[in-house]
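Colleague: So the protein sequences, as listed, match chains A and B.
To convert, note that position 87 of the first sequence is 95 in our numbering; the numbers rise steadily by one, no gaps.
To convert, note that position 87 of the second sequence is 95 in our numbering; the numbers rise steadily by one, no gaps.
Derived from the structure by calculation, the hints contain no laboratory data.
Any given hint could be a false lead.
What the hints assert, rightly or not - Simulated DEER-style distance windows between Cβ atoms:
| no. | chain 1 | residue 1 | chain 2 | residue 2 | range |
| --- | --- | --- | --- | --- | --- |
| 1 | A | R63 | B | V133 | 32 to 40 Å |
| 2 | B | D43 | A | D186 | 37 to 45 Å |
| 3 | B | D186 | A | T90 | 26 to 34 Å |
| 4 | A | D43 | B | P60 | 40 to 48 Å |
| 5 | A | S51 | B | D42 | 46 to 54 Å |
| 6 | A | A104 | B | T40 | 43 to 51 Å |
| 7 | B | G35 | A | E83 | 38 to 46 Å |
| 8 | A | A101 | B | G185 | 28 to 36 Å |
| 9 | A | D88 | B | D43 | 53 to 61 Å |
| 10 | A | A104 | B | A18 | 48 to 56 Å |
| 11 | B | L41 | A | E34 | 34 to 42 Å |
Unchecked claim - Which residues of chain A face chain B? A partial, calculated answer using Cβ under 7 Å:
| no. | residue |
| --- | --- |
| 12 | A169 |
| 13 | T173 |
| 14 | Q175 |
All C-beta atoms in this analysis are idealised placements derived from N, C-alpha and C, irrespective of residue type, glycine included.
2 protein chains.
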Amino acid sequence: MVGLSAKGAATRERIVSGAAELLRTEGIVHTTLDDVLARTRTSKGQLFHYFPGGREELLLAVAELEAARVLSDQEPHLSDLTSWAAWQDWRDAVVARYVRQGPDCPLHAVMTQVATGTPGSHAVVVALMSAWEGALRTGVEAMQAAGEVAPEVDAAAAARALVATVQGGVQVLMATGDAGHLEAGLDLALAGLRPRGSG
Amino acid sequence: MVGLSAKGAATRERIVSGAAELLRTEGIVHTTLDDVLARTRTSKGQLFHYFPGGREELLLAVAELEAARVLSDQEPHLSDLTSWAAWQDWRDAVVARYVRQGPDCPLHAVMTQVATGTPGSHAVVVALMSAWEGALRTGVEAMQAAGEVAPEVDAAAAARALVATVQGGVQVLMATGDAGHLEAGLDLALAGLRPRGSG
Chain A
9 MVGLSAKGAA TRERIVSGAA ELLRTEGIVH TTLDDVLART RTSKGQLFHY
59 FPGGREELLL AVAELEAARV LSDQEPHLSD LTSWAAWQDW RDAVVARYVR
109 QGPDCPLHAV MTQVATGTPG SHAVVVALMS AWEGALRTGV EAMQAAGEVA
159 PEVDAAAAAR ALVATVQGGV QVLMATGDAG HLEAGLDLAL AGLRPRGSG
Chain B
9 MVGLSAKGAA TRERIVSGAA ELLRTEGIVH TTLDDVLART RTSKGQLFHY
59 FPGGREELLL AVAELEAARV LSDQEPHLSD LTSWAAWQDW RDAVVARYVR
109 QGPDCPLHAV MTQVATGTPG SHAVVVALMS AWEGALRTGV EAMQAAGEVA
159 PEVDAAAAAR ALVATVQGGV QVLMATGDAG HLEAGLDLAL AGLRPRGSG
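Chain A on its own, in the form it takes in the complex (with noise of 0.2 Å):
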């Protein structure tokens, strides 16, 4: 956004945000430019001024704002795990989260419509994974700091750990509309990070 004025940015926000509302209604098949125009008042001289690669970096520009929801949508537990209260609360917002949202994860939606192996859909999901990653093992370790979890545990990996299983229930969920996989996967994965004679 490097050069774009206030009023500038203020509308390049309004496109995406607009698009990625049309398409978490309608659906990504069933979205056109044009839709995205009448739903933003927007007209096309604009939306390819703010992007000028037009459709896919749009859906670029979406699957960014979606993968920032992931990630807020988390909050304000997933900054601030520094006790085993603030983990449970964290681990039943996910699980919120995910059983709201249902079949239809607006993330994926986005992600399949962008060419796959492009640096910029790369790029999105690299971010997110480490952005989350390093969220939950800043958490760790400030559980290590308080002596809650055992100074020998791997930080990133159990980060690592956490979000593949946060994925794989989440997976499950979509595919069954059953949350039971991702909550007990949460709930094992954090009886794992419990210190070994902590009763």
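Got chain A sorted already, so can you dock chain B onto it with the hints?
Modeller: Chain B alone, transformed into the frame defined by chain A:
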């Protein structure tokens, strides 16, 4: 297979395993029914005798075969999870299997070609998950009987958690080529099974 003679069952099995090998090596988009006939030295009449539903029914049979392989590749460990060493061997076998498999999951590839939501495709997935979770649950219960896992652990939930963790880790492995999430996920889940106070 009710009603098939031994010879008929062998022919059917030859067609299914030949089709599976073709799909694994050539990829699903490049494989036609004619390729399967040539590879398995089968006439069109024979093929439709064993698979009256044609391509779709043959693909479902291949999906069943690949689902069975998901489980058999975890043997002999999966059926003998009676010590922590056995669980560790199982964990290593799962990681090795999916590292070997790499970015292309044959079961996933076949399933994307079978009309999703058909009773047949749904049944293949449900049967796989059920058998997989059943074996893991039996393993957790064996460890409980041996006093190695706390009696209050919900063995069925632990089995669901392990399957979800494998799914999520494999999803990352398929996308990135990195087994770190799968390994970390399994390690943390197994740590969660160890009893509190076991030192």
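Colleague: At the C-beta level, are A104 of chain A and T40 of chain B separated by a distance inside 43 to 51 Å?
Modeller: holds (47 Å)
Colleague: Could you check the hint for me, namely that A104 of chain A and A18 of chain B are 48 to 56 Å apart, CB to CB?
Modeller: holds (52 Å)
Colleague: Could you see if the CB distance from D43 of chain A to P60 of chain B stays within 40 to 48 Å?
Modeller: holds (44 Å)
Colleague: Take the C-beta atom of R63 of chain A and the C-beta atom of V133 of chain B, compute their distance, and say whether it sits inside 32 to 40 Å.
Modeller: holds (33 Å)
Colleague: At the C-beta level, are G35 of chain B and E83 of chain A separated by a distance inside 38 to 46 Å?
Modeller: holds (42 Å)
Colleague: Does 26 to 34 Å hold as the CB distance between D186 of chain B and T90 of chain A, or does it fail?
Modeller: holds (29 Å)
Colleague: Honestly, do A101 of chain A and G185 of chain B meet the 28 to 36 Å range at C-beta?
Modeller: holds (31 Å)
Colleague: Just to be sure I understand the hint, the distance between the Cβ atoms of L41 of chain B and E34 of chain A should be within 34 to 42 Å; is that true here?
Modeller: holds (37 Å)
Colleague: Tell me if the interface restraint on A169 of chain A is satisfied: Cβ within less than 7 Å of some Cβ in chain B.
Modeller: holds (4 Å)
Colleague: Quick one, is the Q175 of chain A hint okay against chain B at 7 Å, beta carbons?
Modeller: holds (4 Å)
Colleague: The hint names T173 of chain A as touching chain B; please verify it with the least Cβ-Cβ distance against 7 Å.
Modeller: Since the shortest Cβ distance to chain B is 5 Å, the answer is holds.
Colleague: Is 37 to 45 Å right for how far apart the beta carbons of D43 of chain B and D186 of chain A are?
Modeller: At 38 Å between Cβs, range holds.
This entry satisfies every hint, going by the numbered hints stated previously.
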